[in-house]
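Colleague: Work out the full structure, taking the sequences as your base and the hints as a guide.
The residues making up each chain are set out below.
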Amino acid sequence: MSNIVITGMGVISPMGVGCDTFWKNCRKAESGIRKITSFDTRAFRSNIAGLVEGFNPGQFMPSRIYRRMSRISRMAVAASIEALEDSGIGLDTIDKGRVGVIFGTAYGSSSHVEDFYQSLLNDGPRGAQPFLFPETVPNAPTSHVAMFHGITGPNTTFCQNDISAEIAILYARNLLLQNIVDIVLVGGADELSAMQYACFDTLGALNKVKVKEDEPVKPLPGGGLVLGEGAGVLIMEKREFALERGAEIYGTFTSGVNTGGITSIGHYEINGEQTFRAMSQAIEQADVDSDKVDRGIDLIDVSANFSAELDRMEYIQLKNIFPRHIKELKVTPLKYLMGNFGGAGIIRAASILLALRHQHPLPVLKAEILKGEPYDEMEWEIPSMDKIETALMTTSTFGGGSSSLIFTSN
Amino acid sequence: MSINPSRRVAITGIGVITAIGESVPEFRQGLFNGKCGIGPVSLFDTSGFPSQLAAQVKNKNLEACIDIQKFNRVSRCDLLGLIAAKEAFINSGLNLDRCNRDNIGVIMGGGAGGMRSWEKYRRTLWLGKTRPRPSLLLPFASCTLADFIASHYRLTGFRNTISTACSSSSTSIGYGFDLIQTGVHDIVVTGGSEALSELTFAGFNALRVMDPLYCRPFDKNRNGLSLGEGSAIVILEDYERAQDRGATIYAEVLGYAINADAFHMTTPDPDAMGMSTVMAKALKRAGLSTKQVDYINAHGTATKINDDAETRAINRVFGRKKARELAISSTKSMIGHCLGSAGAIEAAATALALYSQIIPPTIHLDEPDPDCNLDYVPNHSRAQEIHFALSNSFAFGGNNTSLVFGRASVDI
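Chains as they are written, first to last, in the working numbering: chain A, 6 to 415; chain B, 16 to 427.
No lab work stands behind these hints, which were simulated from the structure alone.
Computed from a prediction, not measured in an experiment: that's the story for all the values here.
Among these hints, one or two may not hold up.
Claimed, not checked - Here chain A is said to cover these stretches of chain B; the calculated rule only asks that three of the stretch's residues, wherever they fall, bring their Cβ under 8 Å from a Cβ of chain A:
#: 1; segment: 132 to 140
#: 2; segment: 162 to 168
#: 3; segment: 179 to 189
#: 4; segment: 276 to 286
What the hints assert, rightly or not - Across the chosen pairs, the derived CB separations fall in these ranges:
#: 5; chain 1: B; residue 1: Leu111; chain 2: A; residue 2: Ile275; range: 17 to 27 Å
#: 6; chain 1: A; residue 1: Trp385; chain 2: B; residue 2: Ile320; range: 53 to 63 Å
#: 7; chain 1: A; residue 1: Asn184; chain 2: B; residue 2: Asp390; range: 34 to 44 Å
#: 8; chain 1: B; residue 1: Gly302; chain 2: A; residue 2: Arg73; range: 33 to 43 Å
#: 9; chain 1: B; residue 1: Gly302; chain 2: A; residue 2: Gly155; range: 23 to 33 Å
#: 10; chain 1: A; residue 1: Arg131; chain 2: B; residue 2: Gln84; range: 38 to 48 Å
#: 11; chain 1: A; residue 1: Ile275; chain 2: B; residue 2: Lys306; range: 48 to 58 Å
#: 12; chain 1: B; residue 1: Gly143; chain 2: A; residue 2: Ile275; range: 34 to 44 Å
#: 13; chain 1: A; residue 1: Asp292; chain 2: B; residue 2: Ser57; range: 52 to 62 Å
#: 14; chain 1: B; residue 1: Asp390; chain 2: A; residue 2: Asp97; range: 32 to 42 Å
Using N, Cα and C, we set each Cβ at its ideal position, and we do this for glycine too.
Modeller: Now the structure itself:
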């Protein structure tokens with residue numbers, strides 16, 4: 006049994022800015038996928054994404070702090086402020102050298118990469134704009150979080166496409182277990198940019214749906230990725246440390262496994278052997294009642310994102326994990342509501358932890374929907390449950406990596 | 016510490032490709048002979064930039080070094096990494112067919128990744144004359160190298176890429192050390208790769224931190240860094256396992272630390288608190304006292320502020336007397352600043368220094384700076400007994416990493 010607990014969270018997501026709004030929208034399965042308004046999509050074959058709306062960095066920090074930051078850094082710092090407040094930690098009362106900041110992001114600020122390179126193309130070698138360059142590194146959001154709060158402990162950034170945030174959680178656990186830190190701000194963040202959207206569109210990876218103003222947004226299941234953006238931060242600490250400072254605990258991070266599948270660039274693991282291995286090992290390590298048909302798992306959060314390769318592979322592996330239960334199996338593919346991005350794992354974990362804390366289940370779909378059933382047949386429902394004790398969060402990314410995390414109620 | 020102290024970590028395989036050598040023997044020769052790899056750049060047009068030189072890998076036919084058919088759409092960055100990985104596996108002597116591949120992790124450090132490929136796409140689009148190949152966009156993410164290495168060698172353990180600019184690949188070695196020491200894995204493939212790109216070249220030029228000639232770390236007239244490219248792949252292995260199979264052990268990894276300056280995005284803290292703390296914590300984790308250290312492979316970028324601050328940090332951590340006894344060198348004076356792969360290449364240089372008992376020099380150090388008052392092993396390598404060594408990497412955003420290495424089979 007792990008003694009690592011989560012005591013605070015901050016969420017800036019397409020499903021709401023701030024934890025309260027996010028949780029309200031989670032419970033209603035209110036989709037944050039909408040028509041893109043932040044850049045021109047006329048040249049693309051798609052125009053939808055999970056967009057963060059109504060985010061005003063000024064509500065979190067003064068303009069002199071955020072004016073030089075990219076969108077991703079602003080969202081990351083805002084989420085960290087909410088998370089620290091929520092956790093009740095007074096940073097000034099603890100050793101900030103024993104606080105870690107560990108983030109996962111797929112691409113960092115791709116908009117700054119584009120803008121800086123464009124300034125070079127337009128204005129030549131001596132015209133490239135120096136103030137755009139520092140934000141092009143993927144560790145910029147993580148560093149801004151450390152700078153904003155004056156946190157000098159371990160600080161690093163993971164970039165592994167869609168499992169970036171999940172592996173950040175595993176590294177945070179590594180730091181806590183080795184007693185290198187007392188507290189970790191573990192985050193995930195990504196921004197939606199025209200540059201990144203254009204790349205995915207050119208590669209033919211996006212869900213080819215174009216909507217008009219006010220038209221309902223219905224991505225095609227199995228039709229390709231729907232991108233998203235957002236930032237989330239969880240406060241992770243050892244149970245003793247949390248109890249000593251009288252913190253409220255959302256839940257326990259019980260076990261986690263990272264595996265690497267074999268595939269070619271731009272593709273998901275085809276058969277999912279390593280996804281299966283990650284799930285089985287995480288369940289085994291969590292020491293739950295795995296003789297039951299549901300193997301003692303009350304909540305399953307999958308990483309399905311409307312791509313045919315991933316969604317079907319996840320379905321097949323869920324069938325292997327829950328062979329006697331697959332017909333009744335229900336899952337929460339949160340990316341169906343907020344889009345796909347590298348930092349999404351933290352926000353998915355936040356939804357699980359909120360469900361554990363409030364003992365209110367997340368909305369679910371029949372697992373069979375992952376096989377690619379039409380969107381109109383997607384009926385989100387709130388399952389009835391006496392008790393929610395254990396949740397499984399599985400994630401696989403193109404390129405092959407997989408991770409599986411188990412969270413339990415206190 | 017709540018870790019199993021019986022698990023020690025050995026370096027049993029190294030592969031390197033840089034401007035001063037495209038294999039370990041060549042690199043070693045260049046390193047100990049003080050070869051300068053900094054010169055004109057042929058990958059893209061550098062005319063018009065205030066500084067136009069860099070340490071480019073000279074080989075014009077890199078594709079011939081590996082079985083390129085197997086690797087669709089590789090970027091230059093991934094190509095360099097795959098070449099280094101091939102050498103590292105060969106010289107580790109590992110027979111992968113006899114290993115449990117679920118128990119081998121791949122942790123890479125990445126910088127700009129396939130940026131050069133994206134730039135080719137983007138520039139062609141901007142010129143508007145021809146249509147660029149969409150596949151140039153595929154290797155954009157810096158994690159493709161980890162995926163390529165893992166898929167090619169069918170390694171199914173941990174799969175991570177760390178991206179903290181100039182300290183990425185030193186942290187990858189640190190995390191690999193953690194995974195072996197805590198018993199998660201027996202073998203971890205670590206390291207990183209970086210290819211020169213217009214973005215980084217224009218970026219560092221725009222920040223006015225590049226020397227128009229070649230970088231001169233710790234020299235009184237130093238005027239900024241020189242960029243470089245290359246890759247180092249370092250295979251870490253459970254020490255006992257390595258001994259049992261009679262592997263060559265280049266050096267032992269003893270510990271590491273990472274931290275944050277929490278000061279500024281591009282400027283190191285002139286007070287050097289972050290740099291000092293990270294070295295002190297790395298030594299503590301390794302269970303060493305400052306007295307035991309013989310050599311520091313410095314971050315030594317040759318910017319005015321970095322070299323001052325790093326010297327100050329070394330003085331603070333080791334005390335003035337011991338600091339003067341240390342041999343310190345910046346191998347960036349030869350290979351340039353390789354950003355995402357700098358940490359791994361410098362770790363490889365440090366391991367080779369321990370293995371050969373020779374300290375690589377800081378070249379272009381002609382006029383000592385009174386503010387940098389330590390022994391930087393100027394211009395000529397030095398044969399010397401080395402038991403323990405540190406390798407520093409300090410990145411953009413204040414991301415510091417310090418790695419501690421020991422001579423193989425030296426008892427602590």
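Colleague: Where does the structure disagree with the numbered hints, that is, which hint numbers, in rising order?
Modeller: Structure breaks no hint.
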